[in-house]
Amino acid sequence: MPENDNILDRGFKNISQNGNVSGFQLDIKTGYYRGTYLSLVEGFEVTVDGETFTREQTKFMIGGHMYVLDELANLTDARWPFQETATLIISKPSGLKVGMHDVQVVQKTRVSYMPVQPSVYTFRKKIALVL
Amino acid sequence: MEMTRKDFLQTLAGVAATAGISKFSASAEASKAKIKRGVTLYSYTGDFKMGTMNLEDCIADVADMGAEGIEILGESHVTDYPNPSDKWVEQWNGLMNKYRTKPSCYDSFVDSMLRKDKTLTMQETLDMLVRDFKVAKKLGYKIIRPTFGKSPLAVTDVIERSLPLLEQYDLKMAIEMHSPVIIKSEYMDSLMALISKTKTKRFGFATDMSIFTKRPPRHWEAERVEMGAHQNIIDYIRTAYQNNLGPEKTMAEVKKMGGNDVDLQWASIAGVYHFSWNPPKDLLPIMPYIYHIHGKFWEMTEELHEYSIPYEEVIPVLLQGGCEAYFSSEYEGPRTLFRASSQLRRHHAMLRQLLKEV
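Protein sequences appear in the order of chains A and B.
Residue numbers 1 to 131, in the numbering used here, belong to the letters of the first sequence in order.
Residue numbers 1 to 358, in the numbering used here, belong to the letters of the second sequence in order.
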């Protein structure tokens, strides 16, 4: 799988809650070629250095709203505009170490005209985490 | 995917100054031709998504080639889709005016699987169509290309039910003839039967050049080899496609050759048989119903030939049949940033020659 620009370098960082590092966040562009309603987005699977995070550990943020992945199925009016950067928030107590990480994101989206559902988009990139 | 267009004119001098095009540019001459050049902004998907080009950059790039027709995907290119603000619509009209471009075809999608557990009803399908009819009309488009998702509803029923709505919004609907479509087929016959039954002037086709694929794009083949396919099997599959062997027989043969999953996928309907080849003259009987053309291409060589699609065999048939439509270039090769712009120029240099603009 060649490196892919859908994962952005900017925005990859640990996050804290109440003064403790609670996980990390990652900015992505959609793997599809148009904006979609959120109900079509079935989910994301993030893997860093071989560790794959569960659906429950993963949240999706777009347009200032944060969603747990199971919420998306009902959102037939809210959109992920094509050019807009989305943020994936991953729960991981103590977060990631500063340094290079091998990051993979799998996006699953229903594309109604395709013969097989859902369409699966895999992005992979080595990124340096600074903060 | 889909596209659309609209209209505006400004004084020649103003346009030439702002758009940086000469008043003796090709677009003035081309406007008299029955086939006019255009571009679907889908071509710039990589640059537009990553922000190396914004909407105005894309339109300026099309105008710089002396092309006129601007095709968009509502869901990609319209800010605050499906409810663009009046201010945005004004800006859009301003861009058409400034660059002397026109709306050609607006592409919409009917997401039949909007919900995971059930497909859209007939009424929901029509509502979804109308959602985009409104946006298209607001932007000055006269032609809309919806792509229908899989559904138990018969597409001919949906089209028939949409005819009065097309009348109401003064639009024409063009269904894409995209590979693996075969022109002489029951599917196309059923659509032609609908046209003769209803005598409609509101429904026709957006013909995509992918139905004239003589050999698969070589970068797709190279990607498969990178993913683990065998070069000798990829070579075999190309020959099988060109001999019209069909997916079942090709896959059986690939199994015998010891093909792996990547080889088998490329031998299937999801691989090389996603393309199709039709004799170009098969277009002649449906020519009056061709409302729009997608100039699909993957690789323009330095010799100005498309590697997979013999444009020099197809365009003379369109000219012979008196086709009246926008020829809207659709670059679908690698999304390497800045590549679309240079590939599109090669495409338009070829088109100007084949369309007898030079």
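Accuracy of the hints is not assured; some may be wrong.
A partial selection of chain A residues facing chain B, derived with a Cβ cut-off under 8 Å [what the hints assert, rightly or not]:
#, residue
1, GLY35
2, SER39
3, TYR67
4, GLU71
5, ALA73
6, LEU75
7, GLN104
8, LYS108
9, SER112
10, SER119
11, TYR121
12, THR122
13, PHE123
14, ARG124
15, ALA128
Straight-line C-alpha distance at most 25 Å; calculated DSS-like pairs for lysine-lysine [unchecked claim]:
#, chain 1, residue 1, chain 2, residue 2
16, B, LYS184, A, LYS108
17, A, LYS108, B, LYS116
18, B, LYS34, B, LYS201
19, B, LYS201, A, LYS59
20, B, LYS34, A, LYS108
21, B, LYS197, B, LYS142
22, B, LYS184, B, LYS249
Pairwise CB distance ranges (calculated) [to be verified]:
#, chain 1, residue 1, chain 2, residue 2, range
23, B, VAL155, A, LYS97, 49 to 59 Å
24, A, GLU56, B, GLU357, 39 to 49 Å
25, A, ALA128, B, PRO288, 58 to 68 Å
26, A, GLY43, B, GLU357, 45 to 55 Å
Hints were generated in silico from the structure; no laboratory data involved.
Since we're looking at a predicted model, the values are computed, not measured.
By construction, the Cβ of each residue, glycine as well, lies at the ideal position given by its N, Cα and C atoms.
Hints, one by one, checked against the model:
Annotation: interface hint on GLY35/A holds; nearest CB of chain B at approximately 5 Å, less than 8 Å. Interface restraint check for SER39/A: the shortest CB-CB distance to chain B comes to about 6 Å, inside 8 Å, so the restraint holds. Here the hint on TYR67/A is broken, as its CB sits about 16 Å from the closest CB of chain B, past 8 Å. Given hint, GLU71/A at the interface with chain B, is violated; its Cβ is 13 Å from that chain's nearest Cβ, farther than 8 Å.
The interface hint given for ALA73/A holds, since its Cβ lies 6 Å from the closest Cβ of chain B, which is under the 8 Å cut-off. Hint on LEU75/A is violated. Least Cβ distance to chain B is approximately 10 Å, over the 8 Å limit. For GLN104/A, the interface hint is violated, since its Cβ never comes within 8 Å of a Cβ in chain B; the closest pair sits about 16 Å apart. Given the 8 Å rule on beta carbons, the hint for LYS108/A is violated: about 11 Å separates it from the nearest Cβ of chain B.
A cut of 8 Å between beta carbons decides the hint on SER112/A: the least distance to chain B is about 2 Å, and the hint holds. Interface hint status for SER119/A: violated, as the beta-carbon distance to the closest one in chain B is roughly 11 Å, over 8 Å. For TYR121/A, the suggested interface contact is broken, since its CB lies about 12 Å from the closest CB of chain B, more than 8 Å. A cut of 8 Å between beta carbons decides the hint on THR122/A: the least distance to chain B is about 11 Å, and the hint is violated.
Of the supplied interface hints, the one on PHE123/A is violated, with its beta-carbon coming no nearer than about 13 Å to a beta-carbon of chain B, more than 8 Å. The closest approach between the C-beta of ARG124/A and any C-beta of chain B is roughly 13 Å, which is over the 8 Å cut-off, so the hint fails. Because the beta carbon of ALA128/A sits about 20 Å from the nearest beta carbon in chain B, more than 8 Å, this interface hint is broken. Of the supplied pair hints, the one linking LYS184/B and LYS108/A is violated, its CA atoms being roughly 36 Å apart against a limit of 25 Å.
Simply put, LYS108/A and LYS116/B have alpha-carbon atoms about 13 Å apart, close enough for the 25 Å limit, and the pair holds. Of the pairs offered as hints, the one joining LYS34/B and LYS201/B holds, with about 18 Å between alpha carbons and a cut-off of 25 Å not exceeded. Under the criterion of a C-alpha separation no larger than 25 Å, the hint pairing LYS201/B with LYS59/A is inconsistent with the structure, at around 49 Å. Restraint check for LYS34/B and LYS108/A: not satisfied, since their Cα atoms lie roughly 43 Å apart, outside the 25 Å limit.
With a C-alpha separation of about 23 Å, the suggested pair LYS197/B and LYS142/B falls inside the 25 Å cut-off, and the hint holds. Restraint check for LYS184/B and LYS249/B: the C-alpha separation of about 22 Å stays at or below 25 Å, so the hint holds. Between VAL155/B and LYS97/A the Cβ separation comes to about 54 Å, which falls inside the hinted range of 49 to 59 Å. In this structure, GLU56/A and GLU357/B break the distance hint of 39 to 49 Å, their C-beta atoms being roughly 60 Å apart.
For ALA128/A paired with PRO288/B, a C-beta distance near 60 Å keeps the hint of 58 to 68 Å intact. Checking the proposed 45 to 55 Å range against GLY43/A and GLU357/B shows it holds: the Cβ atoms sit about 49 Å from each other.
Hint violations for this structure: numbers 3, 4, 6, 7, 8, 10, 11, 12, 13, 14, 15, 16, 19, 20, 24, all remaining hints satisfied.
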